[in-house]
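> Using my numbering, read the sequence shown as starting at 1060 and increasing by one per residue.
Since the hints were made in silico from the structure, they are not lab data.
For every residue, glycine included, the Cβ atom is placed at its ideal position computed from N, Cα and C.
It is possible that some hints are incorrect.
Said to hold, decoys possible - The calculated label-pair distances, taken between Cβ atoms and stated as ranges, are:
| no. | residue 1 | residue 2 | range |
| --- | --- | --- | --- |
| 1 | Gly1083 | Thr1153 | 31 to 37 angstroms |
| 2 | Thr1249 | Gly1171 | 26 to 32 angstroms |
| 3 | Ser1292 | Gly1230 | 29 to 35 angstroms |
| 4 | Gln1147 | Ser1082 | 20 to 26 angstroms |
| 5 | Thr1146 | Gly1324 | 33 to 39 angstroms |
| 6 | Ser1292 | Gly1105 | 45 to 51 angstroms |
| 7 | Asp1121 | Ala1206 | 30 to 36 angstroms |
| 8 | Ser1182 | Asn1317 | 42 to 48 angstroms |
Said to hold, decoys possible - Straight-line Cα separation of at most 20 angstroms, SDA-like style, residue types lysine to any residue; simulated pairs:
| no. | residue 1 | residue 2 |
| --- | --- | --- |
| 9 | Lys1123 | Asn1143 |
| 10 | Lys1123 | Asn1071 |
| 11 | Lys1074 | Val1060 |
| 12 | Lys1123 | Asp1170 |
| 13 | Lys1137 | Thr1195 |
| 14 | Lys1137 | Ala1157 |
| 15 | Lys1123 | Ala1110 |
| 16 | Lys1074 | Glu1091 |
| 17 | Lys1319 | Thr1335 |
| 18 | Lys1137 | Thr1187 |
| 19 | Lys1123 | Val1075 |
| 20 | Lys1270 | Val1222 |
| 21 | Lys1074 | Thr1102 |
| 22 | Lys1137 | Leu1118 |
| 23 | Lys1074 | Thr1148 |
| 24 | Lys1319 | Val1341 |
| 25 | Lys1270 | Leu1337 |
| 26 | Lys1319 | Ser1215 |
| 27 | Lys1123 | Pro1095 |
| 28 | Lys1137 | Ala1199 |
| 29 | Lys1123 | Leu1141 |
| 30 | Lys1270 | Thr1297 |
| 31 | Lys1270 | Gln1294 |
| 32 | Lys1319 | Leu1265 |
| 33 | Lys1270 | Ala1248 |
| 34 | Lys1123 | Thr1151 |
| 35 | Lys1123 | Thr1104 |
| 36 | Lys1074 | Ser1313 |
| 37 | Lys1137 | Asn1106 |
| 38 | Lys1270 | Asn1241 |
| 39 | Lys1270 | Pro1291 |
| 40 | Lys1123 | Thr1150 |
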Amino acid sequence: VAREFHTASLLNDGKVLVAGGDSGSAFLNTAELYNPSTQTWATTTGNMAAARRYHTASLLNDGKVLIAGGDGISGSLKSAELYNPSTQTWTTTTGNMAAARKYHTATVLTDGTVLVIGGYSGSAFLNTAELYNPNTQTWATTTGNMAAARRYHTASLLNDGTVLVIGGESGSGVVNTAELYNPSTQTWATTTGNMAAARRYHTASLLNDGKVLVAGGDSGSAFLNTAEVYNPSTQTWTVTSNDMNVARGYHTASRLNNGKVLVVGGSDRAGSIIQTELYTPV
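Please put together the full structure from these sequences, using the hints given.
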């Protein structure tokens, strides 16, 4: 099935689960499995209960995949579903999220719980976050909320177990702020410094030294070729010594085995981008 705005998850057996999305004429509740050994696709035995796009997909410690929220036929969703790779079937979680949301992020924490952050309800930007407990299949809102409601942000699990939320868009426009989530206290704190540029549709890559590279994005008025590095020791940002060759948003960034970061594709005001770039950490 042709689809966009879907998710793709690498399973423990090496297969890839592609779930949901939009065919261009309908939202999808179907899922497909890619087998790298045969380079073939097969539809899963069962479908999701809800057709959805702009959702998140998180690989849990038990090998199942948690699909959360997204945009459904009737608007933003608060439901979540679990994919069981052993049976290729779907089940809805025991509880729903407190808030319907799309354009959010989902991060698997070191204890195996899943932190869902921010997003958009369909009528409001969200500063709330929720924790999914895979043992009980239930959700709980975190003790504290973010200082800024945001969507189109990124969320990175740092080496110390905290989560760094970067940029995005709030009701007042694109933001240059970042916040840290402390799982021990379930509270948020803004970082000491802000980014030099406000950005959404950017990427955030955890580097081998524990720092985070933020690349490109959209300021709200222009696509960006700038990049910045976050230092968790000082909670401050440093602009990289040179810019990317091409301004871009909606791209991907992959940390390679040699520690470099490969930035691929994306788009700007003129359309899709074919160029790729490599970042070498200092």
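> Give a verdict on every hint.
Going down the list of hints, with the structure as the test:
The beta-carbon spacing between Gly1083 and Thr1153, approximately 34 angstroms, falls within the hinted interval of 31 to 37 angstroms. At about 27 angstroms, the beta-carbon gap between Thr1249 and Gly1171 stays in the expected band of 26 to 32 angstroms. At roughly 32 angstroms, the beta carbons of Ser1292 and Gly1230 sit within the given window of 29 to 35 angstroms. For the hinted restraint 20 to 26 angstroms between Gln1147 and Ser1082, the CB-CB distance of approximately 21 angstroms keeps it satisfied.
Between Thr1146 and Gly1324 the CB atoms are about 35 angstroms apart, so this pair conforms to the stated range of 33 to 39 angstroms. Separation of Ser1292 from Gly1105 is about 47 angstroms and conforms to the stated range, judged on CB atoms against 45 to 51 angstroms. At about 34 angstroms, the CB distance of Asp1121 to Ala1206 agrees with the hint of 30 to 36 angstroms. Taking the beta carbon of each, Ser1182 and Asn1317 are about 46 angstroms apart, inside 42 to 48 angstroms as hinted.
Of the pairs offered as hints, the one joining Lys1123 and Asn1143 holds, with about 5 angstroms between alpha carbons and a cut-off of 20 angstroms not exceeded. Only pairs whose Cα atoms come within 20 angstroms are accepted, and Lys1123 paired with Asn1071 is accepted, the gap being roughly 9 angstroms. This hinted pair checks out: Lys1074 and Val1060 have alpha carbons roughly 18 angstroms apart, not beyond 20 angstroms. A hinted pair counts as satisfied when its Cα atoms are at most 20 angstroms apart, and Lys1123 with Asp1170 qualifies at roughly 15 angstroms.
Restraint check for Lys1137 and Thr1195: the C-alpha separation of about 17 angstroms stays at or below 20 angstroms, so the hint holds. At roughly 7 angstroms between alpha-carbon atoms, Lys1137 and Ala1157 fall within 20 angstroms of each other, so this suggested pair holds. A C-alpha spacing of about 19 angstroms is found between Lys1123 and Ala1110, which places the hinted pair at or below 20 angstroms, so the restraint holds. Of the supplied pair hints, the one linking Lys1074 and Glu1091 holds, its CA atoms being roughly 10 angstroms apart against a limit of 20 angstroms.
For the given pair, Lys1319 sits about 13 angstroms from Thr1335 by alpha-carbon distance, which is consistent with the 20 angstroms threshold. For a cut-off of 20 angstroms, the pair hint linking Lys1137 to Thr1187 stands: about 13 angstroms separates their Cα positions. For a cut-off of 20 angstroms, the pair hint linking Lys1123 to Val1075 stands: about 12 angstroms separates their Cα positions. Between Lys1270 and Val1222, the direct Cα distance comes to roughly 12 angstroms. Compliance with the 20 angstroms bound is thereby established for this hinted pair.
At roughly 12 angstroms between alpha-carbon atoms, Lys1074 and Thr1102 fall within 20 angstroms of each other, so this suggested pair holds. Note on Lys1137 and Leu1118: the hinted pairing holds, with a Cα-Cα distance of about 19 angstroms set against a maximum of 20 angstroms. Of the pairs offered as hints, the one joining Lys1074 and Thr1148 holds, with about 15 angstroms between alpha carbons and a cut-off of 20 angstroms not exceeded. Note on Lys1319 and Val1341: the hinted pairing holds, with a Cα-Cα distance of about 10 angstroms set against a maximum of 20 angstroms.
For a cut-off of 20 angstroms, the pair hint linking Lys1270 to Leu1337 stands: about 17 angstroms separates their Cα positions. Proposed proximity of Lys1319 and Ser1215 is supported: the alpha carbons are some 17 angstroms apart, at most 20 angstroms. For a cut-off of 20 angstroms, the pair hint linking Lys1123 to Pro1095 stands: about 19 angstroms separates their Cα positions. For the suggested pair Lys1137 and Ala1199, the alpha carbons sit about 13 angstroms apart, so the restraint of at most 20 angstroms is met.
As the CA atoms of Lys1123 and Leu1141 are separated by approximately 7 angstroms, the hinted pair is consistent with the 20 angstroms bound. With a CA separation close to 11 angstroms, the supplied pair Lys1270 and Thr1297 stays within the 20 angstroms bound. Taking the CA atoms of Lys1270 and Gln1294, the gap is near 10 angstroms; set against the 20 angstroms cutoff, the hint holds. For the hint pairing Lys1319 with Leu1265, the CA-to-CA distance comes to about 11 angstroms; that is within 20 angstroms, so the pair holds.
For the given pair, Lys1270 sits about 18 angstroms from Ala1248 by alpha-carbon distance, which is consistent with the 20 angstroms threshold. Proximity of Lys1123 to Thr1151 is assessed by CA-CA distance (about 12 angstroms); at most 20 angstroms being required, the pair is judged to hold. About 15 angstroms separates the Cα atoms of Lys1123 and Thr1104, which keeps this hinted pair within 20 angstroms; it holds. About 19 angstroms separates the Cα atoms of Lys1074 and Ser1313, which keeps this hinted pair within 20 angstroms; it holds.
The suggested pairing of Lys1137 with Asn1106 holds, with an alpha-carbon distance near 18 angstroms, which does not exceed 20 angstroms. As the CA atoms of Lys1270 and Asn1241 are separated by approximately 17 angstroms, the hinted pair is consistent with the 20 angstroms bound. A distance of roughly 6 angstroms separates the Cα atoms of Lys1270 and Pro1291; the hinted pair therefore holds under the 20 angstroms criterion. For a cut-off of 20 angstroms, the pair hint linking Lys1123 to Thr1150 stands: about 11 angstroms separates their Cα positions.
When held up to the earlier numbered hints, the structure conflicts with none and fits them all.
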